[in-house]
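Enquirer: What follows is each chain in one-letter form.
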Amino acid sequence: MRFAVAERDAVLAEAVGEVLAGRCGPELIRAGWPGGRVAQVDALWRTLAQVGMPAALVPEAADGLGLDETALAPLMETLGRAGPPVPAAETVAVGAPLLAAAGAPQLAAVLAGSSLVTVAWHAGAPVPFAARAALIVVRVGDGLRLYERGEVDTEPLASVDGSRGLARVSAPAGGGLLLAEGPEARAAVWRRGVLATAALLVGLGARMLDLAVAHVRERRQFGVPVGSFQAVKHALADVEVALRLARPAVLAAGWAQAAGDAEAPVRTSMAKVLASDAARLAARTALQCHGAIGYTTEHPLHLYAKRAWALAADWGGPAHHRERVARWLGLTAPAGHGNATDLSEGTPW
Amino acid sequence: MDLTWSPEEEEFRAQARAWLAAHVPREPLPSGDTRAGFAAHLAWERELFEGRWAVVSWPAEYGGRDASLWQWLIFEEEYYRAGAPSRVTQNGIFLLAPAVFEFGTPEQRRRILPRMAAARELWAQGWSEPDAGSDLAALRSRAARDAAAGGWRLTGQKTWTTRGAFCTHLFGLFRTGPRAERHRGLTYFLVPLDAPGVTVRGFERLDGDEGFAEVFLDDVFVPDADVLGGVGQGWSVAMATTGSERGLTLRSPGRYLQAARRLLELARNRPGGPGAHRDRVAESWMAAEAYRLFTLEQVTSIVEGRQVGAESSLAKLSWSELDIRLHETAMELLGPEAEADGPWSRGFLFSLAGPIYAGTNEIQRNIVAERLLGLPRR
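Chains F and A, in that order, are what the protein sequence lines are. Going by UniProt numbering, the first residue of the first sequence is number 1, and it counts up by one from there. Going by UniProt numbering, the first residue of the second sequence is number 1, and it counts up by one from there.
No lab work stands behind these hints, which were simulated from the structure alone. Here the structure is a predicted model, which means the values were calculated and not measured. Hints are not guaranteed to be accurate.
Which bits of chain F does chain A cover? Going by a derived footprint, with three or more residues having C-beta under 8 Å, they are [stated by the list, open to error]:
# : stretch
1 : 3–17
2 : 208–219
3 : 227–233
4 : 251–258
5 : 267–278
6 : 325–333
Just so it is clear, CB atoms sit at the ideal spot from N, CA and C, and this is done for glycine as well.
Next comes chain F alone, as it looks inside the complex:
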């Protein structure tokens, strides 16, 4: 028994953290919003690729780092804390290992950081970064297929988090490269996406807590820092509790996936529930603790809060994953609630 991030995983997360610390502040996130200088984001991603970011889960034989899902927790948490506007879960946890397994020629560009990957899992639903990603993994029937962006029709949508580059995607039937097929392979891919998103949420929550703590230490009302009031302290303490309890759940889910543990599905869903709830509590509490100062797009808090709201609902929202946990625990749904519905990676809303 050893419940802590492994040395090799920590090394990668730290290297990524160092790149982000110097280059990924609010300005970089704003560069991903409409009208922003998106080239800055692309340049940052290429630098992250140099330290191995998209290569994390790619086997060494395919020029990757050969890490497993356990590495996703610290890596994605680090990324989430900085919040670069890229499809991180989709590219690192889903796209790169799938492309490697299928021997797709586009892998080289992904590892070099010049191509981003996004995933269109639910037909007709808005797909994050579909307006920008070079490659799109589309769920078609029983399989996952890889398309170049030029091969699909995209219909851009304005989004609450302007950096998400949403678009609806329609892929031509019969095209693309088959990456994975069958319910088990698909469910394993889905779980990696869920896990990476949960870890991003823990990072986002931690960043919002940091912002709130910094603010309430500085902001003075009634002649004292507002952070000296117990009402404020207790609200922020509750955020810390939620994040500190979510983090081990995410780490355990990563381990279960890597170990092929039979509990991997329930551990993954539990991680997503706890991380989504913790990040949303962090967003709401940080917003409240900032007062009107935070309720403006001039303050950077909204950049992280909007991302958290988007990711909490992405890859299955808390209700979807709570439902999966309930079923795994043998808690049957009330009549008419659809016990037979396939939730393996099903309707997330």
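Based on the hints, put chain A in the right spot on chain F.
Expert: Here is chain A on its own, set in the frame of chain F:
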């Protein structure tokens, strides 16, 4: 990262499980917070000690097994899974003993620990006073020097003392300096409850059991040998062990995992299933499981020599809140049955004490905010 147990740990688990299966009383004992129930619990405690399972983490010379923290967690999981009785010796074993190990003289360790482990001496905690609850440093009970007799004379009142009416001894903080010194003028004393001048009056807790007592001390003589950790050092002695293993292990995950298992059973077997309550049942299970994972992370930190301090406040907030949520969910599942006296309704009432004892959750949130987040004290 490795969430599997070693063969040695699995062997330890199997041993504990087998012993518990053979020895745990088939019928639940009456509440250990009543006089009759306490006697039944004492018999159980002595059986545990005979089997060398009373204090697994202690050195063998004091009746333990030198168990690692991991083994201790495993034992607790098995203990609760087996439905074994609550530990009426808990306050001595988990609150006083760590301080005796750290601050006691060799003579004190020899004199106190074996009898505590064997449930021959039963210890109650004497911290709270009528005007000193969360503000423990405001306590007024005092100890006056009696140099001629080689000891101290204690006067004052302790209250909300768990099982005080059934215990044989009290460990507590008393003022040996001026009141203005607050936490600096306190000393940690060990007091036999049959000493002349001690009066104990039991009273009912929320659940109607006589589990509380107030302890009146009127010029009670305590020899120097019963000062723990030095005169004026009481606050440090009392606090030193709260942030470390003791703070972490006051309530082990095994207790809540078992409660969550019972809740699942209740929900699955309810006519019509969990119905509208299933989300809350799932949430309760996840909260118990999350606390287990958090504890595994904390124990890894301790085992690898990293500092664990105010994190014990996160643990306390976590288990106390989840215990209430879990029992509230059970009460809802029970519907009209919930108001009948029974294990769930008793567990529910007891869960409500969680955010109050061992430092209220308001104090814990202050600690998290000030020591982990760095918010200003005032």
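Enquirer: Indicate, hint by hint, whether the structure satisfies it.
Expert: We went through each hint and held it up to the structure:
{"no.": "1", "hint": "3–17", "result": "holds (count 5)"}
{"no.": "2", "hint": "208–219", "result": "holds (count 4)"}
{"no.": "3", "hint": "227–233", "result": "holds (count 5)"}
{"no.": "4", "hint": "251–258", "result": "holds (count 5)"}
{"no.": "5", "hint": "267–278", "result": "holds (count 3)"}
{"no.": "6", "hint": "325–333", "result": "holds (count 7)"}
This entry satisfies every hint, going by the numbered hints stated previously.
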